[in-house]
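Asker: For the protein sequence lines, the chains are A and B, in the order given.
Following the working numbering, the numbering of the first sequence begins with 1 at its first residue and continues without gaps.
Following the working numbering, the numbering of the second sequence begins with 1 at its first residue and continues without gaps.
Treat the hints as calculated values from the structure; they're not laboratory data.
Among the hints, a few may not be true.
Said to hold, decoys possible - Quick list of in silico lysine-lysine cross-link-like pairs, BS3-like style, CA-CA up to 27 Å:
{"id": "1", "chain 1": "A", "residue 1": "K310", "chain 2": "A", "residue 2": "K15"}
{"id": "2", "chain 1": "B", "residue 1": "K98", "chain 2": "A", "residue 2": "K29"}
{"id": "3", "chain 1": "B", "residue 1": "K2", "chain 2": "B", "residue 2": "K138"}
{"id": "4", "chain 1": "B", "residue 1": "K128", "chain 2": "B", "residue 2": "K138"}
{"id": "5", "chain 1": "A", "residue 1": "K28", "chain 2": "A", "residue 2": "K324"}
{"id": "6", "chain 1": "A", "residue 1": "K28", "chain 2": "B", "residue 2": "K138"}
{"id": "7", "chain 1": "B", "residue 1": "K46", "chain 2": "B", "residue 2": "K122"}
{"id": "8", "chain 1": "A", "residue 1": "K28", "chain 2": "B", "residue 2": "K16"}
{"id": "9", "chain 1": "B", "residue 1": "K138", "chain 2": "B", "residue 2": "K46"}
{"id": "10", "chain 1": "A", "residue 1": "K29", "chain 2": "B", "residue 2": "K138"}
{"id": "11", "chain 1": "B", "residue 1": "K51", "chain 2": "B", "residue 2": "K98"}
{"id": "12", "chain 1": "B", "residue 1": "K122", "chain 2": "B", "residue 2": "K138"}
{"id": "13", "chain 1": "B", "residue 1": "K46", "chain 2": "A", "residue 2": "K28"}
{"id": "14", "chain 1": "A", "residue 1": "K28", "chain 2": "B", "residue 2": "K98"}
{"id": "15", "chain 1": "B", "residue 1": "K100", "chain 2": "B", "residue 2": "K122"}
{"id": "16", "chain 1": "A", "residue 1": "K29", "chain 2": "B", "residue 2": "K16"}
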Amino acid sequence: MTPLHGLLDTEAIRKDFPILDRMVHDGKKIVYLDNAATSQKPRQVLDALNAYYEQHNANVHRGVHVLAEEATALYEGARDKVAAFINAPSRDEVIFTKNASESLNLVANMLGWADEPYRVDRETEIVITEMEHHSNIVPWQLLSQRTGAKLKWFGLTDDGRLDLSDIDQVITEKTKIVSFTLVSNIMGTINPVDAIVRRAQDVGALVLIDASQAAPHMPLDVQALGADFVAFTGHKMCGPTGIGVLWGRQELLEDLPPFLGGGEMIETVSMHSSTYAPAPHKFEAGTPPIAQAVGLGAAVDYLTAIGMDKIEAHEHAITEYAVKRLLEVPDLRIIGPTTAEDRGAAISFVLGDIHPHDVGQVLDEQGIAVRVGHHCARPVCLRYGIPATTRASFYLYSTPAEVDALVEGLEHVRNFFG
Amino acid sequence: MKLDSMYQEVILDHYKHPHGRGLRDGDAEVHHVNPTCGDEITLRVKLDGSKIVDVSYEGQGCSISQASASVMNELVVGRELDEAMKVQEVFLELMQSKGKLEPDDAMEEVLEDAVAFAGVSKYPARVKCALLSWMAWKDATAQALSERESA
Numbered sequence: 001m002t003p004l005h006g007l008l009d010t011e012a013i014r015k016d017f018p019i020l021d022r023m024v025h026d027g028k029k030i031v032y033l034d035n036a037a038t039s040q041k042p043r044q045v046l047d048a049l050n051a052y053y054e055q056h057n058a059n060v061h062r063g064v065h066v067l068a069e070e071a072t073a074l075y076e077g078a079r080d081k082v083a084a085f086i087n088a089p090s091r092d093e094v095i096f097t098k099n100a101s102e103s104l105n106l107v108a109n110m111l112g113w114a115d116e117p118y119r120v121d122r123e124t125e126i127v128i129t130e131m132e133h134h135s136n137i138v139p140w141q142l143l144s145q146r147t148g149a150k151l152k153w154f155g156l157t158d159d160g161r162l163d164l165s166d167i168d169q170v171i172t173e174k175t176k177i178v179s180f181t182l183v184s185n186i187m188g189t190i191n192p193v194d195a196i197v198r199r200a201q202d203v204g205a206l207v208l209i210d211a212s213q214a215a216p217h218m219p220l221d222v223q224a225l226g227a228d229f230v231a232f233t234g235h236k237m238c239g240p241t242g243i244g245v246l247w248g249r250q251e252l253l254e255d256l257p258p259f260l261g262g263g264e265m266i267e268t269v270s271m272h273s274s275t276y277a278p279a280p281h282k283f284e285a286g287t288p289p290i291a292q293a294v295g296l297g298a299a300v301d302y303l304t305a306i307g308m309d310k311i312e313a314h315e316h317a318i319t320e321y322a323v324k325r326l327l328e329v330p331d332l333r334i335i336g337p338t339t340a341e342d343r344g345a346a347i348s349f350v351l352g353d354i355h356p357h358d359v360g361q362v363l364d365e366q367g368i369a370v371r372v373g374h375h376c377a378r379p380v381c382l383r384y385g386i387p388a389t390t391r392a393s394f395y396l397y398s399t400p401a402e403v404d405a406l407v408e409g410l411e412h413v414r415n416f417f418g
Numbered sequence: 001m002k003l004d005s006m007y008q009e010v011i012l013d014h015y016k017h018p019h020g021r022g023l024r025d026g027d028a029e030v031h032h033v034n035p036t037c038g039d040e041i042t043l044r045v046k047l048d049g050s051k052i053v054d055v056s057y058e059g060q061g062c063s064i065s066q067a068s069a070s071v072m073n074e075l076v077v078g079r080e081l082d083e084a085m086k087v088q089e090v091f092l093e094l095m096q097s098k099g100k101l102e103p104d105d106a107m108e109e110v111l112e113d114a115v116a117f118a119g120v121s122k123y124p125a126r127v128k129c130a131l132l133s134w135m136a137w138k139d140a141t142a143q144a145l146s147e148r149e150s151a
């Protein structure tokens, strides 16, 4: 095998991830290829979580004691780190949520309750795509049902890309919001942001980008994207679960109404009415996920120290190799782009008529962790006429040897059900 | 190998050569899905009094769910309803045993081929696959009976 270009020093990186040494099923070393579902966590993040609870734990933004001040500084410090990570013009544009789903739901609810010119109602339209994660479909179905707005979407081409041939009919003067994923969680497709944003801006629609599968894997610059909102989650990018991010343009966050009411999001409260704190606090009712935000801050530090451009290059090399090797497996069909061009490191496939559930089970027996099923993107399975897929997804610690293990594992699957 | 305890020969046999597959005339029809993995089954039951005349089904899914439907068809068709319900209860008990129940002779006599699914009960993610067709059958039977009552 010719050496791959652009690989990271995975030997060093893997030392940061204790779980990657785990043995499963009687002494088989785990081959973790389920990174699109959640990433593993480096020791640096685990240490930050521990240190927070052992040394600094208190509630934030209240209390004058030393622990409260330290906890607040750590929590708000994490906001600064995230803001820098995504090149946000202002730290006040970074809202902490519990996950990407909550971020997406938050925007859908803001728009449902908003006044003109943002208000989504029966005269208006919402645009999504057929390759969205359920978390970027269902909130819009709910909004559509509640407001009477029409829900429209872009279909898919046979090779797993967005079909934008009818973009002028899909995004129209009636469109209030266009919400789409930057990278497909099931097919790995990287979508053409510019074309969609340009058309949305032409008709005055807002744009929400689901960057859950992008933020962990490539440099993310919210200003370059040109969107109005960007959502992602912490646990797929080396952070803990329970922390997500919604970035939004400041003027929108000022104009749009809050969704959840409670402590921390207010300015003054009387029994008759209340006024609200400025963003981001306006959208962070109640005690936030403090330790989780601190953990995400540590994850951002970790990724930044390695370099998002280097991580992107590493994954591109691994993806290129994985696509090539997988296509050598008899009866294997990739669902999605069959080259590494404009694609991320999540690769879905079907193997003959062996059901993905069976594929995953036999792989698991060999210590190989993949995801099987709909991947919360059932419309994609329907579109390609398949019951489900097997998905292997890679990250900064993935190695060519793990790709080889997968391919050997699939050979074993074929023999088992052959 | 542990895997062989799940994929028993008899299960793979049923998967490759399913019994009673295809939709035929019935008194009630249900469609059940297993949302975590995409297994689906459409199932019809045909009753004659308290006797199960036919259980027909069509679906897609993993080997466990498909084999289980085949075994279920074999076990309940031609049986009296209360008898078949008992078989279902024993199967449910086995599947919920988390691999801790060693089927004895009595259980083997009741479950016949279905006893091969004992190994599946060790895999929490797969128990639903094995139960999908049985739950669909139970649901369809309940519907057929309630339709008969209201008729």
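Asker: Hint by hint, note whether the structure agrees.
Answerer: These are the hints, each one checked on the structure:
no.: 1; hint: A/K310 - A/K15; in the structure: holds, 18 Å
no.: 2; hint: B/K98 - A/K29; in the structure: holds, 25 Å
no.: 3; hint: B/K2 - B/K138; in the structure: violated, 31 Å
no.: 4; hint: B/K128 - B/K138; in the structure: holds, 14 Å
no.: 5; hint: A/K28 - A/K324; in the structure: holds, 25 Å
no.: 6; hint: A/K28 - B/K138; in the structure: violated, 41 Å
no.: 7; hint: B/K46 - B/K122; in the structure: violated, 33 Å
no.: 8; hint: A/K28 - B/K16; in the structure: violated, 30 Å
no.: 9; hint: B/K138 - B/K46; in the structure: holds, 12 Å
no.: 10; hint: A/K29 - B/K138; in the structure: violated, 42 Å
no.: 11; hint: B/K51 - B/K98; in the structure: violated, 32 Å
no.: 12; hint: B/K122 - B/K138; in the structure: holds, 23 Å
no.: 13; hint: B/K46 - A/K28; in the structure: violated, 49 Å
no.: 14; hint: A/K28 - B/K98; in the structure: holds, 23 Å
no.: 15; hint: B/K100 - B/K122; in the structure: holds, 8 Å
no.: 16; hint: A/K29 - B/K16; in the structure: violated, 32 Å
Checked against the numbered hints given earlier, this structure breaks hints 3, 6, 7, 8, 10, 11, 13 and 16; the rest are met.
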